[in-house]
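Protein chains in written order, with my numbering: chain Y, 87 to 332; chain X, 87 to 332.
A portion of the hints provided could be inaccurate.
What the hints assert, rightly or not - In the DSS-like style, the derived pairs of lysine-lysine whose C-alpha atoms are separated by at most 30 Å in a straight line are:
id : chain 1 : residue 1 : chain 2 : residue 2
1  : X       : Lys164    : X       : Lys286
2  : Y       : Lys103    : X       : Lys164
3  : Y       : Lys286    : X       : Lys89
4  : Y       : Lys152    : Y       : Lys164
5  : X       : Lys286    : Y       : Lys103
6  : Y       : Lys164    : X       : Lys103
7  : Y       : Lys286    : Y       : Lys164
8  : X       : Lys164    : X       : Lys152
9  : Y       : Lys89     : X       : Lys286
10 : X       : Lys89     : X       : Lys103
11 : X       : Lys103    : Y       : Lys286
12 : Y       : Lys103    : Y       : Lys89
To be verified - Chain Y stretches covered by chain X per the calculated footprint, using a threshold of three residues with CB under 8 Å from any CB of chain X:
id : segment
13 : 240 to 247
14 : 260 to 266
15 : 274 to 287
Treat the hints as calculated values from the structure; they're not laboratory data.
Cβ atoms here follow ideal geometry from the backbone N, Cα and C, with glycine treated the same way.
2 protein chains.
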Amino acid sequence: MDKSIDVCFLPQELDEKTLPERSAVVIDILRASTTITYALKYGARDVIPVPTPTRASELREQIGGKNTLLCGERLGIKIDGFDLGNSPSEYTPEIVTGKTLIFASSNGSQALIAAGGAQRMAMGAFVNARAIADWVCAETIPCVLVCSGKLGQFSGEDAACCGHLVSILSERGFHPGNDAARCALDMNHRAGGDWLSMLKQTDHGRYLMELGFERDLVTASTLNAESLVPVWRNNRLTASVTPGKA
Amino acid sequence: MDKSIDVCFLPQELDEKTLPERSAVVIDILRASTTITYALKYGARDVIPVPTPTRASELREQIGGKNTLLCGERLGIKIDGFDLGNSPSEYTPEIVTGKTLIFASSNGSQALIAAGGAQRMAMGAFVNARAIADWVCAETIPCVLVCSGKLGQFSGEDAACCGHLVSILSERGFHPGNDAARCALDMNHRAGGDWLSMLKQTDHGRYLMELGFERDLVTASTLNAESLVPVWRNNRLTASVTPGKA
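Excised from the complex, chain Y in its bound form (with noise of 0.2 Å):
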């Protein structure tokens, strides 16, 4: 097997043609990689990307509203109507346990959506990294890890957490197989590991505080927090482990 890893810094870059015969890691830092980790060890039974507030509205309509829940932001926000934002602190085992969480936010959503034609797929955060590393190693097929990005932008978060997991499979005889995962590395070594610092100073962590969600960041930013990895089957994520209690 080839042991190089690539990151794509926006969905966009993917190539449609070698999609299908890899693996890709999406990541979206701020926040929606944090907060689906967190919903599905809290015991959310799956979560199903959307990309907009309507094609939520009307997939509940679909499958039903007794088990379901409304999730997603628009800059930031919870969407009126919907029961949950993006903030990883909402989603409490009272709330999510047993629940499809049908899911819209502005960014994750769609890379998820943009990279479900890979072979095999899963969600990396900071929280989840080396769970995410293990998941790597265990493919026997090229892995890409994408970015989320912020609205079609480049997001240094992603950016960043791509280059943590690159160093690390990089000690697991794995190289960087691009200029962006090269890149990425640098980023790694510029943060000298304090992901809280890096957040902070990042485009979208600097929204977030105004918004008021600093404890966001303190929760993304918490290196291998989890073991759980979100993984992909039949257009939706569940958890490949099961989660531990609150």
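Take the given structure of chain Y and dock chain X to it, following the hints.
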């Protein structure tokens, strides 16, 4: 004036709403920025970017063939039936003096067209970096540095040149304005000023070396070799200063 410098790693990231209020510097290190700087230095009258080889031929039909040259590449190689490819070494005074160059490169031409809605625009490279910094400092509107990328994907050499420009502009009162600008600065620090080594490690640098264009990497990596700035006016680039003798 807002003395922040934004970077776009791909032309697709440009915000079309704010572009008419901004100046833009388009960067395609390997090789259009470098080639066009030398073409104008060596006396080319102007350079008109076009998106496709077909459009290049049509335009030559329209404006007449006598003083025009068809220039450009696909996959790094001169387009069949064209006068020149995209190697700076082809653009000698004997060949280009007084000519209008119709320029169909794979990435730089597309980026110039994409950024054409900027209020003012120039093309930048390592070879004219200091002159570009002077041009940016003389502007009174916010500036965005636009990487051309590589067939829609991130290219390390363009990002690193942005990092160098952000770095020297930081010494003149500017500051990085977005995540991409900060990331580019990291790349600049890691390169340590050894631009030839950096170019040789990039995906496209390696590809060009395989094609036998190593000399173009040496040319492209020579910092501040020229003081000419290609500037945009009426959908074409011309020299901002009278070109010196060869």
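Per the coverage rule (Cβ-Cβ under 8 Å, at least three residues), is the segment 260 to 266 of chain Y covered by chain X?
holds (count 3)
Given the hint that Lys103/Y pairs with Lys89/Y, does the C-alpha gap stay at or below 30 Å?
holds (19 Å)
Decide if the proposed pair is consistent with the structure: Lys286/X and Lys103/Y, CA atoms, cutoff 30 Å inclusive.
Status holds; Cα separation ~27 Å.
Between Lys286/Y and Lys164/Y, does the CA-CA distance stay at or below 30 Å?
Holds. Lys286/Y to Lys164/Y sits at ~21 Å (cutoff 30 Å).
Can you confirm whether the C-alpha distance between Lys164/Y and Lys103/X stays at or below 30 Å?
holds (26 Å)
Pair hint outcome, Lys164/X versus Lys286/X [Cα-Cα no greater than 30 Å]
The given pair, whose Cα atoms are some 21 Å apart, holds under the 30 Å limit.
Holds or violated: Lys103/X with Lys286/Y, Cα cutoff 30 Å?
Satisfied, since the Cα-Cα distance of roughly 27 Å is no more than 30 Å.
Do three or more residues of the segment 274 to 287 of chain Y come closer than 8 Å to chain X, measuring C-beta to C-beta?
As far as the segment 274 to 287 of chain Y goes, the hint holds, because 3 residues have Cβ atoms under 8 Å from chain X.
Next pair to validate is Lys103/Y with Lys164/X; report whether the Cα-Cα distance is within 30 Å.
Holds, at about 26 Å.
Assess, step by step, whether the Cα of Lys89/Y is no farther than 30 Å from the Cα of Lys286/X, and give holds or violated.
holds (21 Å)
With a cut-off of 30 Å on the C-alpha distance, tell me whether Lys286/Y and Lys89/X pass.
holds (21 Å)
For Lys152/Y and Lys164/Y, compute the direct alpha-carbon distance and say whether it is at most 30 Å.
Since the Cα atoms of Lys152/Y and Lys164/Y sit roughly 20 Å apart, the hinted pair holds (cutoff 30 Å).
When held up to the earlier numbered hints, the structure conflicts with none and fits them all.
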